[in-house]
Amino acid sequence: MSRFLLRRVPQAIIVLFGVVTLAFLLTHVVPGDPARLIAGPNASAATVASIHHELGLDRSLAYQYGKFLLGLLHFDLGTSFALQNTPVSTAILRALPVSAALAVLGVLWEAVLGIPVGIIAAYRPGKLADRATTLASLVGLSAPPFWVGLLLLYLLAFKFNLFPLSGYEAPFINYLILPSFTLGLGGAAWYARLTRTNMLEALRSPYVQMARAKGMPERVVLLRHCLRNVLSPLLTMLGMDLGYFLGGVVVIESVFGLPGVGKLTFDAIGTLDVPMITGAVLFAAFFIVVMNLLVDLAYALVDPRVRR
Amino acid sequence: MSGTDSAGSRSGTDSAGSRSSSIVDVKDLTVRYRRRGSLRRNEFTAVDGVSFEIGAGRTLGIAGESGSGKSSVARALMRVHDPAAGSVRVAGREVTTLRGGALQRFRRHMQMVFQDPYDSLNPRLTVGDNVAEALTAAGVPRPDHVLRVRDLFDRVGLPAAFTGRYPHQLSGGQRQRVSIARALAVSPQVLVCDEAVSALDVSVRAQILNLLKDLQEADGLAYLFISHDMSTLRFIADDVAIMYQGRIVELGPADEVFARPRHPYTRALIAAIPQPGVGRRHRRGLVGGEAPSAEAVLTGCAFAPRCPLATEVCREHRPLLIAEPGGHQAACHHADAVGSLTVTADTTVPHQQGRTA
Amino acid sequence: MTAPPIVTTPAPSGETVATEPAGMRRVLRSLRHDKPALISIVVLVLLALAAILAPLLASHPPLQTYPEGLAANGAPIGPGHGFPLGTDPNGRDVLARLLYGARVSLVIGILANGLATVLGVLVGLTAGYLGGWVETVLMRLTDVVMSFPILLFCIALISVTGPSERNVVIVIALIYWTTLARIIRSQVLSLREREFVVAARTMGLSHWRVMRRHLFPHLVPTIIVYATLGVASSILIEASLSFLGVGVPVPTPSWGQMIEQGKEYFQIAPWLLFAPGVCLILTVLAFNLAGDWLRDLLDPTAPERR
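Residue numbers (this note's numbering), protein chains in the order written: chain A, 1 to 308; chain B, 1 to 357; chain C, 1 to 306.
Source of the hints: derived by calculation from the structure; they are not laboratory data. Watch out, some of these pointers could steer you wrong.
What follows is a set of in silico ranges between Cβ atoms, one per label pair, in the way DEER data are often shown [as the list claims (entries may be wrong)]:
1) A:Pro206 x B:Ser187: 50 to 56 Å
2) C:Leu46 x A:Val290: 42 to 48 Å
3) B:Arg315 x C:Leu189: 40 to 46 Å
4) A:Pro206 x C:Glu193: 25 to 31 Å
5) C:His81 x A:Val290: 54 to 60 Å
6) A:Tyr63 x C:Val134: 40 to 46 Å
7) B:Pro159 x C:Glu193: 28 to 34 Å
8) B:His228 x A:Phe17: 49 to 55 Å
9) A:Phe17 x C:Leu122: 21 to 27 Å
10) A:Thr90 x B:Gly100: 26 to 32 Å
11) A:Val9 x B:Thr311: 47 to 53 Å
12) C:Leu46 x A:Val302: 46 to 52 Å
Backbone N, C-alpha and C define an ideal beta-carbon position, used for all residues, glycine too.
Given these sequences and hints, build the entire structure.
Below is the structure:
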């Protein structure tokens with residue numbers, strides 16, 4: 001296990017370093033001048049130049065990169081252009097609880113909706129239930145989440161008044177159910193497909209054939225013998241989704257007006273707040289790398305073959 | 001193209017029947033494979049300090065069971081897998097250090113015929129195009145391809161009409177002929193045949209072996225012929241090297257080795273050759289047990305655990321490859337006793353009996 | 001980077017059909033049995049026709065605002081009244097914008113994904129074939145890019161470069177090549193051990209020629225399948241970006257942007273949501289179904305995608 005850690009942790013650090021470097025390069029080398037963005041289209045050349053100086057953009061790229069890295073070591077993602085004097089990290093941390101709640105509920109929906117549907121589909125492959133759920137999950141995969149969100153708002157919040165339209169106040173759960181459901185729907189479709197494939201595979205395996213031959217009830221065969229094998233890959237994927245969602249889901253949060261990291265990013269787009277956007281990207285990537293690492297470690301703990 | 005003349009006059013291994021004009025000269029070749037995805041050095045030695053020569057126009061056969069490292073020798077020679085140590089000289093030129101364009105040009109001197117006739121041809125190309133690829137590699141201008149391909153097909157005994165067919169439309173033997181044509185296309189001096197006839201039926205096998213012999217006589221090709229099958233080697237090889245656990249344990253002129261083996265392992269392999277009219281039952285009598293895992297660290301002779309002659313000295317000291325006059329080399333402390341080794345009576349090769357001391 | 005996350009569908013059979021040329025007859029026969037695939041291909045053809053013939057099919061120009069297209073209180077008017085699918089909040093014809101929007105979605109989706117496919121194949125092929133440090137560098141780069149959330153990455157880049165059709169295409173391609181690169185690399189890793197590839201290498205052909213003539217043709221089925229599925233994803237990404245206002249700049253119509261403009265009015269003008277939304281779903285669904293069908297047809301051993 002320590003061997004595995006010794007290999008896997010440095011790898012994650014290298015990737016994280018690459019993420020930081022790439023994010024820096026994208027926002028600093030790619031054509032486009034943040035100073036001009038801040039100053040606005042009508043600003044004079046002198047104003048742009050002074051902002052340039054203020055941001056340190058007139059220094060060498062290596063210097064800027066060094067400063068950027070040094071700041072990161074102190075969890076300093078720079079200061080927002082738009083929110084005066086607010087450090088990016090403070091703004092993100094303030095918004096994080098909302099995104100975290102949304103992420104956890106979203107992952108729950110994925111599992112709760114996706115896995116049972118997959119099992120039902122695999123129970124009698126090729127039959128009506130299978131075909132219906134397979135098609136439904138394809139539609140789920142193909143529907144843009146922002147559209148699904150708006151549709152749900154229209155039907156459940158506007159027409160039937162079951163949920164609040166937008167915002168985030170106590171009791172918070174009321175404001176989280178629709179967004180998290182929307183978030184989970186696409187993933188649920190994916191998990192249904194995956195569960196179905198893995199179930200079918202498990203059902204063909206010799207030990208399941210054996211259990212059937214012994215005369216075990218089909219329900220026991222399905223749930224006890226198959227499900228266990230299906231669940232562990234799904235759990236790792238759910239873990240990675242959680243990492244993905246924690247970074248903020250821009251589209252969903254902006255549709256439902258949730259004040260999470262995604263909404264923060266969305267507002268930053270409007271004000272061309274580059275430090276905020278870069279910070280949000282780095283923050284999200286950090287979660288993805290860390291969750292990947294944790295999932296791998298969990299996998300190695302459970303399955304000794306992975307350790308090598 | 002430097003140092004061609006230095007090839008002949010090197011060191012004492014003026015043996016193994018190679019006269020003094022060896023085209024391939026391998027010294028202390030070592031091949032290691034690295035296990036994927038590990039931080040620490042975790043390597044496995046497949047070939048350990050193997051040396052041999054092949055004379056122009058001659059055939060060296062390498063025998064050994066699977067895992068003995070004989071295919072690794074071929075892959076290292078062809079620079080499919082780079083050797084960890086040692087030197088390989090072809091036509092007087094060191095090839096282990098070649099890179100880029102020089103490596104690409106060297107490849108024309110040495111070609112390979114592969115084991116699996118179902119996998120060695122590109123299924124997406126016609127067999128004619130498969131051969132034409134080698135012509136491209138050799139720098140033959142495209143307009144000449146059609147004619148040259150027909151010519152090559154003719155040489156390997158395939159009708160010219162076959163050029164337009166796809167590999168899956170041909171039989172195993174026909175495909176192997178295409179493979180040979182492809183290898184010949186770049187006019188090599190050395191052909192490495194890695195189990196080239198092992199996948200074929202016996203009757204087809206004989207045809208292909210005869211074809212290879214004819215080609216050798218016509219072109220003066222040198223062959224490195226790898227096979228686990230001793231009867232094939234007896235037919236085709238001028239010299240034979242026997243490999244066990246990554247090392248050569250016996251090396252010498254083929255008739256000499258077959259008639260008077262000086263290593264118990266060789267003796268066992270020969271005894272396992274099927275004899276017409278001899279019952280099947282006792283054939284495998286001699287090599288008991290299995291080769292120890294390649295990873296086990298052994299002192300002494302690697303064959304000792306399976307050897308009927310093994311004594312204390314075998315388990316403690318690894319025998320060196322010692323040459324006798326006549327170029328016959330063997331790595332066995334009891335080489336002189338091998339001849340008297342009693343083999344289950346009915347498996348003894350008939351013409352050996354007279355020589356049993 | 002990770003061992004377990006790439007979940008693969010187990011191969012139903014050992015030998016791939018891919019090694020045999022897929023004849024037109026086989027394609028047609030398979031389409032006859034697979035109704036969803038047949039429908040999806042019909043939908044795609046109709047969609048392409050609609051996009052190409054947009055100027056002929058639309059009764060109004062897509063950018064023209066009509067004062068009579070707005071109700072007295074300034075609200076968009078519903079279907080009928082001279083506008084087949086109603087008007088948008090600016091008084092423009094929704095049908096016309098939908099048809100021209102199909103051009104944007106298809107062209108951007110196909111171009112972006114085409115570029116991503118080229119990148120992915122180049123990276124996967126060189127990494128898998130050359131191995132060594134080239135492979136290490138390329139695959140670490142893939143890991144890094146894969147660690148960025150797709151949408152955020154696009155937003156960040158576009159917020160620096162400014163939104164335009166060209167930038168949307170480039171940005172989607174820059175993030176979307178990674179999955180294909182990994183799949184291609186793993187296929188090349190097993191292909192390069194095949195004897196005919198070793199033969200091609202040892203006969204002295206250049207690396208480029210070995211890759212082009214002896215590896216690439218064997219990757220084509222995989223590439224076709226993933227290119228088709230990738231168009232679906234690229235169209236979705238473009239729609240999301242346009243919805244967020246960093247995609248196709250106004251006033252060029254795009255479906256995502258139409259939904260964005262309609263969302264303020266959805267209580268009184270739900271058609272502004274339904275029309276572009278249904279178009280999006282149908283298009284993406286059709287590409288997904290076609291991709292699934294191609295996978296069954298060409299390459300049953302290909303892994304599932306995410």
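Hint numbers not upheld by this structure, sorted from lowest to highest: 6 and 10
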